[in-house]
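Peer 1: Take a look at the letters that make up each chain.
There are 2 protein chains.
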Amino acid sequence: MAVYTEVSAEDLDRLLAGYDLGTVKSCKGIAEGVENSNYLVHLDAGFFILTLYEKRVNADDLPFFLGLMRHLAARGLTCPQPVANRNGEILAEVAGRPAALVTFLDGLSVRRVTPVHCAGVGAALAQLHIAGADFALRRPNALALPGWQPLVDQAGARADEVTPGLAGTISAELAFLTAHWPHDLPQGVIHADLFTDNVFFLGEQLSGLIDFYFACNDALVYDLAICLNAWCFEPDFSFNITKGMAMIEAYRGVRALSAAEIAALPILSRGAALRFLLTRLVDWLNVPKGALVRPKDPKEYLRKLRFQQSVTGPRDYGLRD
Amino acid sequence: MAVYTEVSAEDLDRLLAGYDLGTVKSCKGIAEGVENSNYLVHLDAGFFILTLYEKRVNADDLPFFLGLMRHLAARGLTCPQPVANRNGEILAEVAGRPAALVTFLDGLSVRRVTPVHCAGVGAALAQLHIAGADFALRRPNALALPGWQPLVDQAGARADEVTPGLAGTISAELAFLTAHWPHDLPQGVIHADLFTDNVFFLGEQLSGLIDFYFACNDALVYDLAICLNAWCFEPDFSFNITKGMAMIEAYRGVRALSAAEIAALPILSRGAALRFLLTRLVDWLNVPKGALVRPKDPKEYLRKLRFQQSVTGPRDYGLRD
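Those protein sequences? They're chains A and B, same order as listed.
Positions 43 to 363 (my numbering) are the ones given, in order, by the first sequence.
Positions 43 to 363 (my numbering) are the ones given, in order, by the second sequence.
Because the hints were derived from the structure by calculation, they are not lab data.
Do not take every clue at face value.
For identical chains, the list gives no copy identity; a pair is met inside one copy or between any two copies.
Said to hold, decoys possible - Here are the computed lysine-lysine pairs in the DSSO-like style, where the Cα-Cα straight-line distance is at most 30 Å:
(1) K97 - K70
(2) K338 - K67
(3) K70 - K338
(4) K341 - K67
Chain A with its partners taken away, still in its complex shape (with noise of 0.2 Å):
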């Protein structure tokens, strides 16, 4: 949560001059998103974000992500939605970075999940898998499981500065993953990131998803391996099955899931732990000189794969027959 890059009057008043949205009147930077700089612009035509992309994102995968973006938004699914300016262009440039300009979106961030939150997540879900169908790019997910060896090779031995034995779990868990994982799911556009931080509420009604710079093409149901991890576990890390049970059913009553989707879900999810946990302990044992912004502790995703590698069956999320 941080402001990578300052962006000055001047640089805004170049960019809105390709736009028909009239004068800025306030940019404030905001704390949103770990990956790249966030303003909150006020210009005559209302409040937008204005997003700088910084070096953690790929400026080839810009079109992926904005075009999805705007797919999705097309097809009724409430997210940020690229502004183009006069052009047509929906990719700018600010102060020497990628930068777009996406539509502002009210809701709140939830820390207190309740089953209500979990449903709301597994409906949007399902939407977001079912209007991502007919989207036109793709992005294979670097994030995957063969992107998971290099991030181990990365940690190395210095995974047990965390935990005594770290590495030796996740050597271990890795080659059961590969000896087990499922390869014929039903794979599209997945949103792979969608975390608390990434989803708005108003009160109780879900009212967007933000955030879509992980999206790529995978099984859709790994997707919902990633938020039953993300959403539907206490803060002691014991996971909560009436969680688990409303955003699994929200989603089959958008999306029906196949037989091979369900017996899946105990091994995507125990791959959807290790991938965090990995991503996590990589950031963590890097974090550089004169951050600004804080890791988060990989610890909590080694205790949640550790349930995971306890479960016995779909029906240990709360899956009903």
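Take the given structure of chain A and dock chain B to it, following the hints.
Peer 2: The following block gives chain B in isolation, referenced to the frame of chain A:
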């Protein structure tokens, strides 16, 4: 520029229950102010700023700061206006911190300062001094001359880590100022921190003043000396006499300067340069581990102090007879 305290939806609901502003539609932590946490909140009644006062602000001073903003706004100065709850209170508590909800002001901080901006600041500063004349509360300036020796002591010999000889320069300067400081100048409420971050413009038109958390009672013309230091130097630290003239003349167009005030401008400007050199130096030497804010370079104010030491009279600031 950081958000130190997180505010949850529940915290906001609890706060807003006491006001007639409707429900919370959005809340973004903004990168504004170095001392406090600030949120831009969207309520049914519009956009507001929620400020949580962190440790560096003395809670006992809040009635002065908030009362002053309200007093000045009532007299037509554009500054954030504290919003009272149904009991008429403007000071609240959020997430265990003293907090206040103030009106949202449009406008942008300028980075490339022109003489037109300097004139705007000069006129607004004089308006502030006139509007503050009948404000009932008093707050001594903790960072006036008697407050500088403790800062010198805090920095001590470590000043020389920044630039060899700095400790000696500072001691000699403080001795000079102590011997020559004027004590009979017109007093009143001063902003005391009117840097570019704290002034908003829409185009070339000044649209508001913010951040009154250093405001206090002191010599009015000392505020002008602070602004000459903050606004009228070029990036190479040469003083821009056109900007100085624009600021001083615009100030005099609203509030007359006495002969004593004009004569005191050089020594007060030396004092203002030393005051910001000292606080930046102490901050620079005491960056806490894991700090989210990069301290400002004290050497900027050493360069400015050297100019101020070379000034031979008020005419060097562009002052006309």
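Peer 1: Work down the list of hints and note, for each, if the structure agrees.
Peer 2: These are the hints, each one checked on the structure:
1. K97 - K70: both (21 Å within a copy, 23 Å between copies)
2. K338 - K67: The answer is between: 27 Å across copies meets 30 Å, while 35 Å in one copy does not.
3. K70 - K338: For K70 and K338, both the intra-copy (25 Å) and inter-copy (20 Å) Cα distances are at most 30 Å.
4. K341 - K67: neither (44 Å within a copy, 33 Å between copies)
In this structure, only the earlier hint numbered 4 is contradicted, and the remaining ones agree with it.
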